[in-house]
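Residue numbers (my numbering), protein chains in the order written: chain A, 162 to 313; chain B, 162 to 313.
Since the hints were made in silico from the structure, they are not lab data.
Treat the hints loosely; a few may be bogus.
In this list, chains with the same sequence are indistinguishable; a pair is considered to hold if it fits within one copy or across any two.
Said to hold, decoys possible - Derived pair list, reagent style DSS-like, types lysine-lysine, alpha-carbon separation capped at 30 Å:
| hint | residue 1 | residue 2 |
| --- | --- | --- |
| 1 | K297 | K182 |
| 2 | K216 | K297 |
| 3 | K252 | K270 |
| 4 | K174 | K289 |
| 5 | K270 | K297 |
| 6 | K195 | K216 |
| 7 | K195 | K180 |
| 8 | K289 | K252 |
| 9 | K252 | K297 |
Protein chains: 2
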Amino acid sequence: MTTISNRPFNTLKIDDSCKRKHTVTDDDLIMFAKASGDLNPLHLDDVYAATTAFKQRIAHGMFTGGLISAALAMDLPGPGTIYLSQDLQFKRPVCIGDELSIVLSVIEKHESKPIVTLHCEVTNQDDKAVVTGTAKVMAPTVSMTVQTVELS
Amino acid sequence: MTTISNRPFNTLKIDDSCKRKHTVTDDDLIMFAKASGDLNPLHLDDVYAATTAFKQRIAHGMFTGGLISAALAMDLPGPGTIYLSQDLQFKRPVCIGDELSIVLSVIEKHESKPIVTLHCEVTNQDDKAVVTGTAKVMAPTVSMTVQTVELS
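Build out the structure end to end from the sequences listed, making use of the hints.
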């Protein structure tokens, strides 16, 4: 049984941050293709991808966006967070085997509502930014610990 | 065998649009949870979700973002498109069974580079916007038809 705890609005400070790591797998791309319906062969077909400028299969850009959203939902602020908006800049391709670091940091707290803005950056094993962006969320106002769901 | 064709930059006109439909399933949420690592019970646990303000499980916000990215990659401009940036506003929750319409429309063409800006809107069966946003992409410059990958 795994539980996750949140960081309520009143405990958050500017520059608070979290870091998650994720190594990209073939399964990630297949799962994301199934979930999104994006069956473009650039993500799924080695032979086709070798003929493109990328020379190999690359992850869907929004897959990396999904890693950012997971960090918001699981870590900072965590359970109880309501997603308001997100912008994403896709800087470099992400390939299978890439070791990604997802870092979120609080850059702004709203005065009168529990709204928080976070800078989001995903870098690869060469410390190069692959995706950067900004998220705006309604942070939870009460402490909460919830049990995550184990998927087979 | 399914093929998809693109819309090269020089054929695109302002207000060109595409529309895809998708009915949200339990499997979608499970697939997206696996792909992103977002195991928050709001998306996966009926009993927990019933205790929240949403009263039922809701889709991950970025799942709906993934539907937008799939429309860009598969339809408009389609194969050969390179994703540059995306912003998303999450307007309303998306639930299992919701019948979503994903509409993209060209709103700007760059003068000197094959860069296109598209308005993106996802509405539900009640014609209410659930996610809106803007995508900037490098459009393909040559016509291309590619075979999509069938996933079991």
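Hint check:
no.	hint	result
1	K297 to K182	both (22 Å within a copy, 27 Å between copies)
2	K216 to K297	between (35 Å within a copy, 23 Å between copies)
3	K252 to K270	both (27 Å within a copy, 20 Å between copies)
4	K174 to K289	within (27 Å within a copy, 35 Å between copies)
5	K270 to K297	both (10 Å within a copy, 28 Å between copies)
6	K195 to K216	both (23 Å within a copy, 27 Å between copies)
7	K195 to K180	both (27 Å within a copy, 19 Å between copies)
8	K289 to K252	within (9 Å within a copy, 32 Å between copies)
9	K252 to K297	both (21 Å within a copy, 12 Å between copies)
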